[in-house]
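Please take these sequences and the hints and turn them into a complete structure.
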Amino acid sequence: MYSFSYHRPASVAEAANLIANAADGKLVAGGQTLLPTMKHRLASPSDVIDLGAIAELGGIVVNGNIVTIGAMTPHAEVAASGEVQEAIPALAALAGNIGDPAVRNRGTIGGSIANNDPAADYPAAVIALGATVRTNRREIAGGDFFTGMFETALEEDEIIVAVDFPRPEAAAYMKFENPASRYAIVGVFIARTAGGARAAVTGATDCAHRAYRMEEALAKDFSPAALADFQAPVDRMNADIHASAEYRAHLVRVMAQRAVAACA
Amino acid sequence: MKIDLTVNGQTASGEVEARTLLVDFLREQLRLTGTHVGCDTSQCGACVVMVDGKSVKSCTMLAAMADGCDVTTIEGLANGAELHPMQQAFMDNHGLQCGFCTPGMVMSGLDIVNRHGKELDAATVRRELNGNICRCTGYQNIVKSIREGARAMGD
Ligand SMILES: Cc1cc2nc3c(=O)[nH]c(=O)nc-3n(C[C@H](O)[C@H](O)[C@H](O)COP(=O)(O)OP(=O)(O)OC[C@H]3O[C@@H](n4cnc5c(N)ncnc54)[C@H](O)[C@@H]3O)c2cc1C
Ligand code: FES
Ligand code: FES
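Protein chains in written order, with the numbering used here: chain H, 1115 to 1378; chain V, 9 to 163.
Since the hints were made in silico from the structure, they are not lab data.
Every residue gets a Cβ at the ideal spot worked out from N, C-alpha and C, and that includes glycine.
A few of these clues could be false.
One-sided and incomplete, this derived list gives chain V residues near chain H with beta-carbon spacing under 7 angstroms [unchecked claim]:
no.: 1; residue: 19
no.: 2; residue: 26
no.: 3; residue: 56
no.: 4; residue: 60
no.: 5; residue: 63
no.: 6; residue: 64
no.: 7; residue: 65
no.: 8; residue: 72
no.: 9; residue: 101
no.: 10; residue: 130
no.: 11; residue: 134
no.: 12; residue: 136
no.: 13; residue: 143
no.: 14; residue: 145
Shown next, in the form of structure tokens:
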């Protein structure tokens, strides 16, 4: 790892100031992605700004139909939260299946969505549940947040503060996981909301995305059978040593059908 | 920069670089070499220690991030010559071969007890060990050791 200056601000305002004034600054949350990247010298920031001491970025609050999760909330806390389990059990279960227990104790929702790994779990939930990402500058609709492989709508020095998840009528997330890392080879998040069925797919392509055709099929008939003929576009699927494009396309349908069944 | 933390119940201070990993601080400055490094991808779990009561991979945390924290390593478990019940169970059940993964397995075992209690079924232990890799044992005796160690921890 190359050397850098370390900062541990106590407020979002202070962190924003530090990142704006750094030559090549990086925010660090749980460090579960950034630190391995720095160890491999794939990132070499001049300044690392640790968000770990900022109380206003932590915690889970349920207010009416909105579940707000602070950016620095670790996966383990979301998984174990009675409030999340009650309001959006699929979200608690998703958090509880990220990586392994030690990764879940450090890794955070803010870090996960800012990183936007094509195989990450949270992006599927943010999109399918129609969440809102709140930053220190603005609110970004979940559907507009993930813009490409490891790319998001965030500006260079913008800080995620919290994510607001509206409570769905029912929701389920099914992932076919890589048995070594637990990242999604394919993951499908289905939500039944007052506004209709919503679906998002992760792991399958270069970036988590909404599955409109799937939603149309489910609008007519919210059942696994409605997706029996669903075909994900093979030419847009990722292909690697873990799964071919054809296999991923197959998994999209199977995971979607299982998620719909689990919503019933 | 200077950091002050508690390690195995004792105050530990040190001068570290910003880029010093917690595991390197423990091994190289405190000479607590029981915590191992088995990979550079944060996947193997040989480096697991408790930070403020929670299991973390000490290879994936800066020493600076642990400033002010309470850290427990494998060296902090035994009571003098008397092994911790979880350590004793690994010995009794042949829960290790080369021993490289063992410190992390024991620490993760204790973390499983913290979250799931002392009566553990094999499926729970296997699922919860998914961040700890062993290249020798085939896991059977590790699972057995953790279940028995948990039971032996009594109340
Ligand atoms: C062994 C292993 C297995 C894993 N398995 C899975 C898995 O199954 N599924 C899965 O989804 N993920 C998995 N992960 C990734 C894990 O969830 C990470 O915790 C997550 O991707 C990054 O979160 P972090 O808090 O550690 O972020 P960091 O590593 O600290 O930061 C990641 C990026 O986000 C930026 N960032 C962090 N916080 C903010 C913020 N508040 N505002 C703006 N930018 C911010 C940082 O600058 C950095 O660029 C795994 C990781 C490991 C090591
Ligand atoms: S050395 Fe920390 S996970 Fe392998
Ligand atoms: S005993 Fe050798 S790696 Fe586990």
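Interface hint for residue 130 of chain V, Cβ within 7 angstroms of any Cβ on chain H: Constraint on residue 130 of chain V not satisfied, violated at 17 angstroms.
Status of the hint placing residue 26 of chain V at chain H (closest C-beta pair under 7 angstroms): Holds, about 4 angstroms.
Restraint satisfaction for residue 72 of chain V [CB to CB of chain H, less than 7 angstroms]: holds, 5 angstroms
Supplied contact hint for residue 19 of chain V, tested at 7 angstroms Cβ to chain H: Where the cut-off is 7 angstroms and the nearest Cβ of chain H is about 20 angstroms from residue 19 of chain V, the hint is violated.
Per-residue hint verdict: residue 60 of chain V, partner chain H, C-beta under 7 angstroms: violated, 10 angstroms
Residue 136 of chain V as an interface hint toward chain H, with CB separation required under 7 angstroms: This hint holds: residue 136 of chain V lies near chain H, its Cβ roughly 6 angstroms from the closest one there, short of 7 angstroms.
Cut-off 7 angstroms, beta-carbon criterion: hint that residue 64 of chain V touches chain H: Where the cut-off is 7 angstroms and the nearest Cβ of chain H is about 5 angstroms from residue 64 of chain V, the hint holds.
Restraint check, 7 angstroms cut-off on beta carbons, for residue 63 of chain V near chain H: holds, 5 angstroms
Restraint check, 7 angstroms cut-off on beta carbons, for residue 101 of chain V near chain H: The hint is violated - residue 101 of chain V has no Cβ within 7 angstroms of chain H, the shortest such distance being about 22 angstroms.
Closest C-beta approach of residue 143 of chain V to chain H relative to 7 angstroms, hint status: violated, 14 angstroms
Residue 145 of chain V as chain H interface residue, shortest Cβ-Cβ below 7 angstroms: violated, 18 angstroms
Proposed interface contact between residue 134 of chain V and chain H, which counts if any beta carbon pair is under 7 angstroms: violated, 12 angstroms
Checked against the numbered hints given earlier, the structure breaks hints 1, 4, 9, 10, 11, 13 and 14 and satisfies all the rest.
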